[in-house]
Structures are given as C-alpha cells and as structure tokens.
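The task is simple: from the sequences and hints, build the whole structure.
Sequence order for the protein chains is A and B. Mapping to this note's numbering: the first sequence position 17 is 14, numbers consecutive. Mapping to this note's numbering: the second sequence position 350 is 687, numbers consecutive.
FYI, nobody ran anything at the bench for these hints, they're computed from the structure. Where is the CB? At the ideal position from N, CA and C, for every residue including glycine. A portion of the hints provided could be inaccurate.
Covered stretches of chain B (in silico footprint by chain A; criterion: 3 or more residues with CB under 8 Å from a CB of chain A, positions within the stretch not fixed) [to be verified]:
| hint | region |
| --- | --- |
| 1 | 360 to 367 |
| 2 | 680 to 688 |
| 3 | 708 to 718 |
| 4 | 729 to 743 |
EDC-like, lysine to aspartate or glutamate: derived pairs with alpha carbons at most 20 Å apart [to be verified]:
| hint | chain 1 | residue 1 | chain 2 | residue 2 |
| --- | --- | --- | --- | --- |
| 5 | A | 105 | B | 561 |
| 6 | A | 105 | A | 155 |
| 7 | B | 624 | B | 561 |
| 8 | A | 69 | B | 732 |
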Amino acid sequence: MDFPILSSLILLPLLGAIFIFFSKSKSNTHPTIKYLALFVSFANFILSLYLWYLFDPSNADFQFLEEQSWIKGFINYKVGIDGISILFIILTAFIAPLCIVSVNSTVKYRLKDFLVAILVMESLMIGVFCSLDLVIFYLFFEGGLIPMFLIIGIWGGERRVYSAFKFFLYTLLGSVLMLVAIISIYWITGSTDITYLYNLGIDEKYQYLLWLAFFSSFAVKTPMWPVHTWLPDAHVEAPTAGSVLLAAILLKMAGYGFIRFSVGLFPVASEYFIPLIYILSLIAIIYTSLVALMQEDMKKLIAYSSVAHMGFVTLGIFTFTQQGLEGSIFQMISHGLVSAALFLSVGVIYERMHTRLISNYGGLVSVMPKYAIVLMVFTLGAVGLPGTSGFIGEFLILIGAFKKSFLVAAIASIGVILSAAYMLWLYKRVVFGEIKKDEIKKIPDLNRAEIFILSVLVLPIIFFGFYPEPLLNTTEISIENLIEMYNTNINSNLVEK
Amino acid sequence: MVNLNFIYSEIFLCLAIMILLIIGVFKKNSSYLIYNLSILSLFGCLALILSFPINANVELFNNSYKIDYLSTYMKILLILSGIFVLLSSSKYIQIIKINKIEYPILILSSVVGMMVMISSNDLILFYIGLELQSLSLYVLASFNRDNILSSESGLKYFVLSALSSGLLLYGCSLIYGFSGSTNFNLISENINQDSYGLTFGIVFIITGLAFKISAVPFHMWAPDVYEGSPTSVTIFFAILPKIAALTVFIRILYVPFLNIIDQWQIIIVFLSIASMLFGAIAAIGQKNLKRLIAYSSIGHMGYALAGLSTGTNLGIQSSITYISIYLFMNLAFFCCLFMLRRDEKYFENIEDLSGLSKNHPILSFSLLIVLFSLAGIPPLVGFFAKFYIFTAVVEQSMYALAIIGLLSTVIAAFYYLRIIKVIYFDPEKEKYEKNHNIGLKVSLAFSTIFILFYFIYPSPLIEIIEKINII
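Right, dumping it as structure tokens:
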C-alpha cells in the first residue's frame, strides 16, 4: 500500500490542533504556538501541492483511493480525489496558512483556542472534499459547524451570538434532511459508497425526493436565495480569519456537493429541477446584487456579492456543459481567492479605524497608496475584468448558459454589470474622494505582514487570469466523464419512457 | 433443582447489602468505609457476571427468570454505570452532608431491583423488581431531608410512581385474565389477536413503563424530581432506571406481544414523537441545569423509543446502542456539574457557567464536547446514537418519524447551544475550586474520551450489540 497522502492531509492539521490544545503556553498570545500552527498548515499546503504534482489529470477515475473498514459491514472509510476535488483541497490548504498569518492583528485574545479551531476546521474541510462515502462526507460536512460556531461566537463582533446561532441552526436544519436521504440511499441500494453508486445508478422514482433533500442542505450552505440570510450576518460578525474561511471554503462545500452528489447521483432529477435552479440562481444574481448596492457596511456588501457569485456557480453547474461546469469550478476557486482577499483587505482598514461603515472612509488613496493598489486588483477580480481570474469563471459560465438558454444567459449578464457597479462604487467611496475625517490622515499604510498576505493573493488572481490552463487541465477529464455519465443516464431514462 | 450458578451476581449483591448493613450498625462513623465497600461489591458483581459465558441462554424458576445475551449486556451496562455514579459522587455527598450509611446501601438495593427487572420473564417477577428499585428511589430522592425541594421531589415521585405502578398492575391483571398466564413465553403462545382486554392490558403496561422512563405524556415528575433531588441522586435517576425500564420495554413488547405489533406500534410512535418534540421545546426556557437535563432526557428517551417502535431487531439494537451512548453523555454532563463547587457549595444554574472557559479550559472543553454530543453533531458519539436509530427507522420506511425526530434535534440544538454560549461567549465570573477527587476525574476523563474519539473505531460497540437477537 502506498503512502496514505489524503489521510495525512486530513490528519496533519488535526494532530497539530491537538498538540496546540495541550501545549502549556503561559501567556495565551505566545508566538510559538502561532509559528507551530503556521508550520503545520504550511506543511499541509506543500503536501497538497505535492498531491497535485502526483495527480494524473488524464485519468477520469478517482485517484489516491484509500479504503478502510469503519463500521463493520455497514460503512467504509473511503477517500479519493478526482480532477474536481483536488483543486478545492489545494484551495483549503492555501487559505488556512493565510488565516493563521492574519491572526496577528485581528485576534486579540485566546489565540491558542483560535488556532485550534482554524486547524480543526482545515482538516474537516479537506475531509469534505476527499470523502467518497456519503456518511463520511456528512460527518465532515456537519462537523465543521462546531469550530465555525465557536469562531464566530467567541471572536466575533457585537451581534456575534445572534449570528453564530443563526449560522448553526440554519445549516443544521438544512442538513438533517440530507441525513434522512443518505440513510434512505443506504436502504435503497445497500451502500453509501459513491463510486459504487455512480456505477449502479439510483432508481428514477426515488431520485426526485432524494435530490430535494440534498438540495435543502446545499442550498442553505451555498447559500441560495431565499435561504441566504445567515451569510451576511455570519460574515459581518465573524473575525477576519473566520470570514475568510467562510467565504473562501465553506461556501464551496455546497458547490462541490452539487457537482459530486446532486449531479452525479441524481442526474434525472437534476435535469428535472433545472428550472428551479435557474430561477433561484438568477434571483440570487440580480436581487442580491441590487441589495449589495445599497449596503453601508463593507463586509455586508462583500457577503451579498458572495451570494451573487455563488448564483453564477449554481447556474454554471446546472448547464451540464463542459464550459459551464469548468467555469463553475474555476469561479469557485477564483471567488475563494478574491473574497478571501477582500475580507482580509477590509480587515486591514478595520484594524486601523474600527469601523466597517463605508461612509466613514474616503480618500484612502492619498494616505495608503499601497493599499489602494492591492484593493484595486481585488475589486477588479471581483468585477471579473479580463486579466483576472474572476473573468475566466464568469465568461465560461455565460458561454455554458448561452448554449442552454439565451434568456437565462442574458439575465445573468446583467449581474456582471451590477457586480461592476457595486464593487467599483465601493472602491470609489472608500479609496477616492476627499478625506473627510482627521483620523484617516494619520493611519499608516500596509505593514510588511499585510503586504505579504495580500500580495500572495494578488499573484494567483492575476496569474490564473492570464493563464488558466493549469486549473482547467486538471478538471477537464473529470468533467467530461461526469457529463458523459450524466448524458447516458438522461438518454437511457428517455428511452425507457 | 434450580441451577443457581447463573444468579450468583444477584445473590452476591444481596449478601453484600446485608453485610454492609450489619457493618453500618455495629461500626461507628463507617459511612466512608461502606461507600467504598459498595463500589467494591459492584465490582465483584461485575466480575461474577463476566465470569459466566456471555451468550448463555437459560431460564430459571419455572421460566420466570431469563439469563440471555440481552440481560447480560444490560446488567453489565447497569453495573458499570452504577460504579461510575458512585465514583463520581463520593465527594458531593460528603459536602452536602448526606453521607449516611443508608445511601450506598439504598443504591445497591435499587440496583438489585433493576437486575431482577432486566432478567424477568414473568409479570410478577418484573413487578417485584420494579417495586424494589422504586422504593429505594423514593427514599433516595428525598435523601437530603433538610432541603425542602428534596423532600418535595421524593413525595412527588412517590405519589406519581405509585399511581403508575397501580396502572401497571391493573394492566398485568388484565393480561393475566385474557391470556391465562403471567409468563411471557406462555402469554405469547396463548395470545388472541382480537381480544380488547389484552390491548387494554398492553396500554396500561406501556403507560406504567413510559412513566418510568419519563416519556411524554407521563413525564410530569421528571423535571421536579431531577431538580429537587441531590445531584448525586439525579445522575442515578438519569441513567440507571432508564436502562432497566428500556430492557423491560423491549422484553415485554417483543416477547409476548410481538404478534400484535399493530396494536402497540402506533402508541410507541406517538410516545416517541411527543417526547422528542416536547423535550426539545420545553427545555428552551429552563434556567436550572438539572431541570434542563430532565427535559433533555425526556427528548432522548423519545429517540430510544423511536428505535423500539420499528418492530425489528435492528430497531432494538439501535435503541440499546442509544441508551449505552446516552449513559456516557449523561455521566460526563453530571461529572461536570459535580465540578462546579465553590466554598462548599454546588452551583447548578446556567448562568453559573458564565465565562467558564476562561478559568477552566479543560472542564469547559469537556462540557462543550458533551453538549454538542447531546445535540447530535458529528463526529461526536451522540451523532452515531441518532444515526443508528434513524437507520433502523428509515429501514421500515417510517419517514415521518425520522424527519420529525431530526427536526426536533435542530430545536434541541438551540438550548444546548445556549449553554455553550454562556460558557464560551459570556464574561467570566469567579473561579471554581479545582481539587476534585480522583474518581470524579477518572469518570469525566473516561466518558469524555469515549464521546470524543468513538468515531475513530465505532465497530466494537456495534458488534457487541449486534448479537442481541430476541425476535
């Protein structure tokens, strides 16, 4: 048996967390534990890059499979990755060290507990992306609630308790139906192994209800309109690192779930529910963009923009075209980078001014020129300007959508314009204009740590904007395979009718 | 000649009780000694049970006393939890000054009663066991006799429990009248599906048993008794009688009355749904932790009943798994309560936990784990308990029950989160004392580790319980 690289990716942060939890640091802000956490998460990132290096993109099957009997005769612990999941694993492993670096300025108390929570979160999220068994997936998917609840609740802002409860109960409520569906799948087919279920296929008559049950969970987590209301609250109240984790990775779990489970396991039902998804996605794109325009709180604005961007993702997934699906995955990765960067940027000025209200800023360009430059890159990335990674994703999704329906694509395109409107307006109000307040004149520009974090994010956003090949190559074969499987299922179902 | 080998454990415990009583009478100030000897005798009893082949299947005393895998497993569970309860509460009873010699002896005698209940295969023997455990519990509930709440809870428990015992007896007599026997095996042979008298008998028996496990609508006593009794008795109430009553539930429903499952299934489903929902909703407004855990245990019994209502072996096994896991979660929770001590006083309100995590990180972490586990959040053990239950329920296509059950876990999650909020998000208060006795620490550490790391290797528990096969 080969080196169990996926299990190591899951276990390494967890072991780090356990070690840090039991380490006796006298003062809770002792730097050693931070360096330790950073080291662990960075090692994990290197490991994930090594995984990418070993990964064979020309193979559509699941790779690096590990299977271990877990509950005897019932559930096996099974992990493996394909071209779709590997990117999310790398994204997770990339974002986690950044979160840990950013705690320097944002987490003022109980640093140790915070690092433990972040590391546990990292290993659970990697687990979500590589589990190949429904029960194992559910375990990781729901387990993430515990550390995130604590991150929002302990280190959050004024309304942290309300937001933490809302986040927890909303997502839990969405997920319980998925649990019933998972158990039903077990009794219908006798297995919860995804690769087995892919080959077997689930009887059409069960698919609709099962799809809806999974949908209820993923829709809350994505979040789709109208169950998105927990997201702005959670984002606004969470500490910077928490918002980054939420936006960059947690939201992607649902997009990934749609691709892996809804489309993969229930193709007939997915086809049937296309109108529902399109309508909800379009409402998310247009409506939440309009809502974002009216926001006065920077974090809330970015949160609403996340809902709109995830609307594009769900739209792209359910076009069932090569471009649409590739675009969706690309968009998720890109949004992961851009939204993480935007939240970190907001965190930077929040640390200096202790306010997130847009109206309190203005004229930052003259006091923080470096900040103005990086924020420009991120804003353009969020707008989807050609040359940033945001463009590739939206462009591919729109191509996919045009193939399916002109009307849908046309409406979605309006969303692109709206996103330019609210992002550029935000940038204008915060960075340009006259300096209204005396305090702004005194604030310092980016320090070295901040320059480091933000430029680490600038690089991939621009790099993948000009050269998306590495990402697209990785996903291509897996998506072809998925679409082929989907089409054969749909066709055979039509023949039966 | 009856082969007494198989009930050596019960005989041993009875002898131990008598010897301890004698020591208590003749030796002054021997309460500490007797307490420790009781723990030892429970260990001895456990060793005796384990020394016999576990998969024996014998019926003694004219088939009225049954030793099989189910009863052996449940007895082991019962005695283990008895040991943990005694270990964890030794300091508590000293501090609130109820460390009389009678205390451990009453606990032992109620354990004997429960063992008789677990093994009973006959209505009369079952009733004797039930009364033995109940009578001990009445006294235990009001053991802190200077405290008005404790006396009240003892009285309340006595009156209501007597009422339910009356109903139970009436049910037994109806069943005897309509089937001609009190023996479970004979009842199942003589059963007549159309007889209304029998149905009434079952309803009365279910009522009496539902009272013992505090299922809605027979739960009224639980919150008051849980709150009023000394905490060391509450932990006993929360765990041991439930194990015994659940076993009897399984045996009565599945041995004599399996053939008329249509008659009782709907009742159990109703009890289950009502308990799950009521337990979840009523706990929201509570301020006292013991009262809250009473409502939470009502809810948890609802889940155990959901497994029972399926009418399959898988359902029984899932219920037994549930109660086994529930035992450790409750044990850990009460151990945490025992640690909230300052200046010879124990604290039991939610607000007393405020900001606990700043001064007591390990204790708060244990509470965090326990509460999330009680809420059923993966990957903690509480999730598996619910998962097995709903696996069994969905197998029988009882989707409504499964969905209502899972929705009530979401409601219940709210009040568990509220406690976590107080512990982790609220400003800190004074510190609690940190010197606890070793038994308490061991119990807490053991149960927390079980709760936290069960997911790594879940197979053994399932494999043990899979062998229970009574249909």
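Each hint, compared with the structure:
For the region 360 to 367 of chain B, the stated coverage by chain A is violated: 0 residues have a C-beta nearer than 8 Å to a C-beta of that chain, whereas at least 3 were required. Given as covered by chain A, the region 680 to 688 of chain B fails the check, having 0 residues with a CB less than 8 Å from a CB of that chain where 3 are the minimum. Beta-carbon proximity to chain A at under 8 Å applies to 4 residues in the region 708 to 718 of chain B; the threshold of 3 is reached and the given coverage holds. Given a C-beta distance limit of less than 8 Å, the hint that chain A covers the region 729 to 743 of chain B holds, as 6 residues qualify and 3 suffice.
A distance of roughly 43 Å separates the Cα atoms of residue 105(A) and residue 561(B); the hinted pair therefore is violated under the 20 Å criterion. A C-alpha spacing of about 15 Å is found between residue 105(A) and residue 155(A), which places the hinted pair at or below 20 Å, so the restraint holds. Restraint check for residue 624(B) and residue 561(B): the C-alpha separation of about 13 Å stays at or below 20 Å, so the hint holds. Simply put, residue 69(A) and residue 732(B) have alpha-carbon atoms about 18 Å apart, close enough for the 20 Å limit, and the pair holds.
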